[in-house]
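Asker: Residue numbers (this note's numbering): 586 to 1071.
Fair warning: there could be bad hints in the mix.
Said to hold, decoys possible - Capping the alpha-carbon separation at 20 Å, the derived lysine to any residue pairs in SDA-like fashion look like this:
1. 1035 <-> 965
2. 649 <-> 615
3. 677 <-> 736
4. 965 <-> 990
5. 989 <-> 1008
6. 989 <-> 1056
7. 649 <-> 715
8. 715 <-> 726
9. 1029 <-> 1002
10. 847 <-> 693
11. 847 <-> 681
12. 1044 <-> 826
13. 985 <-> 909
14. 1048 <-> 1014
15. 677 <-> 658
16. 1044 <-> 847
No lab work stands behind these hints, which were simulated from the structure alone.
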Amino acid sequence: MNHITNLKKIIFVAGIALLQIVGLQTINAEIKLPAIVSSNMVLQRNTNILIWGWANANEKIDIKTSWIAKSYQIKADKNGNWSVEIKTTNSKKPHTINLKSSVSNITLNNILFGEVWLCSGQSNMEQPIKGFDGQPTFGSLNATVNSYNPNLRLFTVQKEGSKQALNDIAKFTNWQEASSETVPDFSAIAYFFGQQLQEVLDVPVGLIHTSWGGSRIEAWMSNKVISTYQSVNLDNVDISKGTNQIPSVLFNAMINPLVNYKIKGALWYQGESNRTEPEEYKKLFPAMVKDWRSRWEIGEFPFYFVQIAPFTYSNNKLLENKDNSAFMREAQLQSLDLIPNSGIAITMDIGDEFSIHPPKKKEVADRLLYNALNKTYGFKNIDYNAPSYDFFEIQNGGIKLSFKDVETGIYSFDTIEDFEIAGADKVFYPAEAKIVNRRNIFVKSDKVEKPIAVRYAWKNWVKASLFDNSLLPLSSFRTDSWSDSK
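Given only the sequences and the hints, what does the whole structure look like? Please build it.
Answerer: Shown next as structure tokens:
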């Protein structure tokens, strides 16, 4: 009797163990989707998009969409990876995707087709609609009140670093419809850009926000690319400290998991943390953009970026030349010629003297929007190009400056300020400037008899005084290339 009882116990325990093994296999066999692929997402419209994920090795998966009659039968590879290319349309109604396997039945609901934009950088891109503590975003309350929009969807990649390139996002806020509950914590620049783009185009818009305040550009570059410029060995590095400064770790965790997700373009606001190395930035920035584009495999998608705004980085005049952010503004402006299909938002008039996070985020978003509308969406009547320095002529003891993109003239609200002029001794003196023929600037100083160089707004903190007729500000500039001037 005891023998029979023991046998029953053994059979019972073995049965439980078998069920646990089967259950474990079932869990392993379930279809897993990347975080970015979920209900409420926006897929890039009228193109071929990729749906991908993981399952058991050789698992058969049936995929059915609400907009295509046929279904897709695919099989995971020997490592459990699978993907399928699906054509989207211009439909504005919500759609579904159903994925089935032997043990899974997943339905993604409320999917829209529209324009998808990636928004990245450091704290000025990160700054939310509600602002940072004691650092507001102008217009935040009104934006929040009027934020309900089921055709505007938001996805946020949370801060995370990794030594290796990840295939999925570790921390995130899932796709959400814009509303007074979701908008206050979302990137202000991304939101203002997307909200207006959605209204102008009258199509759904999806915004993917992935930023980290204080981050250096090296952190957003792949190990393969940054290693061509500097030695990188993270084997013994503790990336939990100073994560946003460490080469490649933000790319690995916050960019690489997104590269299969088709986008229309990217917005970028970063540079403050690299401002003392402008010449290096001119190499790293174009290299980063080229690498991102190669990984997305969708060609030279639009890449619109923001010139860092004027700010009092140092009140010590002895440090001003060593820490002069005008050199970085110049490097960013020059990057336009180094990055194909790019555009810049000049912010000379919307900085804040005592806050590195200017509150006028909508104005920044507006200027990125003007770039996108003209260059990407064909609204050729939308002015997006701020005036920029072209060439100079020495005349009548002064210097006459000519500019590009001033078809309708140059404008100043008040007295023109912040011009300096120098002779062969490379010593700059404050100069008087006036508009000539509504398109040129004449600069002169009684202290410089034979001028050969001019600089405008060439310091950390400055207020723009020159604009075009669309009130887009002239960037700081210099006619020289001296490194030893005074």
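Asker: For every hint, state whether the structure bears it out.
Answerer: Cross-check of the supplied hints:
1. 1035 <-> 965: Not satisfied, since the Cα-Cα distance of roughly 43 Å exceeds 20 Å.
2. 649 <-> 615: holds (17 Å)
3. 677 <-> 736: Within the cut-off at roughly 9 Å; holds.
4. 965 <-> 990: Holds, at about 14 Å.
5. 989 <-> 1008: violated (25 Å)
6. 989 <-> 1056: Holds - the C-alpha atoms of residue 1056 and residue 989 are around 15 Å apart, at most 20 Å.
7. 649 <-> 715: violated (40 Å)
8. 715 <-> 726: The given pair, whose Cα atoms are some 8 Å apart, holds under the 20 Å limit.
9. 1029 <-> 1002: holds (12 Å)
10. 847 <-> 693: Distance of about 18 Å is within 20 Å: holds.
11. 847 <-> 681: holds (18 Å)
12. 1044 <-> 826: Violated: residue 1044 and residue 826 sit about 32 Å apart, past 20 Å.
13. 985 <-> 909: With a Cα-Cα distance of about 25 Å, the restraint between residue 985 and residue 909 is violated, given a limit of 20 Å.
14. 1048 <-> 1014: holds (18 Å)
15. 677 <-> 658: violated (26 Å)
16. 1044 <-> 847: Between residue 1044 and residue 847 the Cα gap is close to 40 Å, so the pair fails against 20 Å, i.e. violated.
Violation of the numbered hints given earlier is confined to hints 1, 5, 7, 12, 13, 15 and 16; the remaining hints are satisfied by the structure.
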